[in-house]
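> For reference, the chains in residue letters:
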Amino acid sequence: MSALSDLASGDALPARTVTITRADLVRYAAASGDQNPIHWNERVALEVGLPGVIAHGMFTMALAARYVTDLAEDPTAVVSFSTRFTRPVVVPDDDTGATVEFGGKAGDTADDGSRTVTVTATHEGKGVLGKAVATVRPA
Amino acid sequence: MPLDESFVGRSWPAETYEVSLEKIREFAVAVGADDPVHHDRDAARSAGHPDVVAPTTFPVVFTWPATRRVVDDPALGLDFTRVIHRDQGFEVRRPVHAGDVVSSVVSVDEIRELAGNDVITFRCDVTDADGEAVATTRATLVGRAEPDGGDA
Chain A
1 MSALSDLASG DALPARTVTI TRADLVRYAA ASGDQNPIHW NERVALEVGL PGVIAHGMFT
61 MALAARYVTD LAEDPTAVVS FSTRFTRPVV VPDDDTGATV EFGGKAGDTA DDGSRTVTVT
121 ATHEGKGVLG KAVATVRPA
Chain B
1 MPLDESFVGR SWPAETYEVS LEKIREFAVA VGADDPVHHD RDAARSAGHP DVVAPTTFPV
61 VFTWPATRRV VDDPALGLDF TRVIHRDQGF EVRRPVHAGD VVSSVVSVDE IRELAGNDVI
121 TFRCDVTDAD GEAVATTRAT LVGRAEPDGG DA
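Here the protein sequences come in this chain order: A and B.
The first sequence begins at 1 in full-length UniProt numbering and counts up one residue at a time.
The second sequence begins at 1 in full-length UniProt numbering and counts up one residue at a time.
Keep in mind the hints are simulated off the structure, nothing from the lab.
Note that beta-carbon positions come from the ideal geometry of N, C-alpha and C, so glycine has one too.
If a hint is listed, it holds; no wrong ones were tucked in.
Some residues of chain A that are not near chain B, with every Cβ distance over 12 Å (derived):
#1 A3
#2 L7
#3 A8
#4 A12
#5 P14
#6 A15
#7 R43
#8 P92
#9 T96
#10 G107
#11 D111
#12 D112
#13 T122
#14 G125
#15 K126
#16 G127
Some but not every residue of chain B turned toward chain A, in silico, with C-beta under 10 Å:
#17 A30
#18 F58
#19 V60
#20 W64
#21 F80
#22 R82
#23 I84
#24 H85
#25 Q88
#26 E91
With the C-beta cut set under 7 Å, the calculated list includes, among others, these residues of chain A facing chain B:
#27 G57
#28 A65
#29 R66
#30 S80
Throw the hints in and build the complete structure from the sequences for me.
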């Protein structure tokens, strides 16, 4: 994956595809403390009107943040990051899981050297994160 | 059910959380953050950190329970079984590291109604043991209207 520093403002970010399985959701539920059953229990998810077990929005956001820090080549590079959770990522009960494709655009560099990055995340062709913008501190 | 608007502008007493190396490792494994600075103390110190550092969204580990305390206050009137998480933001002043004892102060920034749904924005200001700012997080939750449009 090429570095953010090699990209000009407006350049597309190198794409990354991440697979999310039920096991990933259980692991994230334990690590984050978000034990909401809609993220691991199909019966409960269906009862509340969801199409099935869905990934935590915060899990998708965590994967997006890692995508940005990997691009910046600094695990602590992100100084701000905000997003809207526009659609759920439905994770099937199989060994294949759901795929999320990350992409986006490199943004402008501010006077202090920090830089914005716009991230897109799509699942089955539709965006799951909206207005996802991160600011990366100067290298 | 409309939310209690008097919650806007209120803040709640700080909740403290002690950040451990093992919790950072566990979170880093869960989100696939495999950089050694999240796992190995020597690697983190070599990179200039006091101890292993947390991935970007790690603060949710302590900001969400602090927020949940307000979400679950019956006086607010939010039915958690109908809540969806709409927006999330992080402003990071410095990376969280193992050994940090952080305090989270939750405030309600905004309450409004959108097409019959309750929309509420929580802010969480996180400081360290010296009172220095660590991060500010914002979470907007939507309490979906009952399907029949009633206030049941």
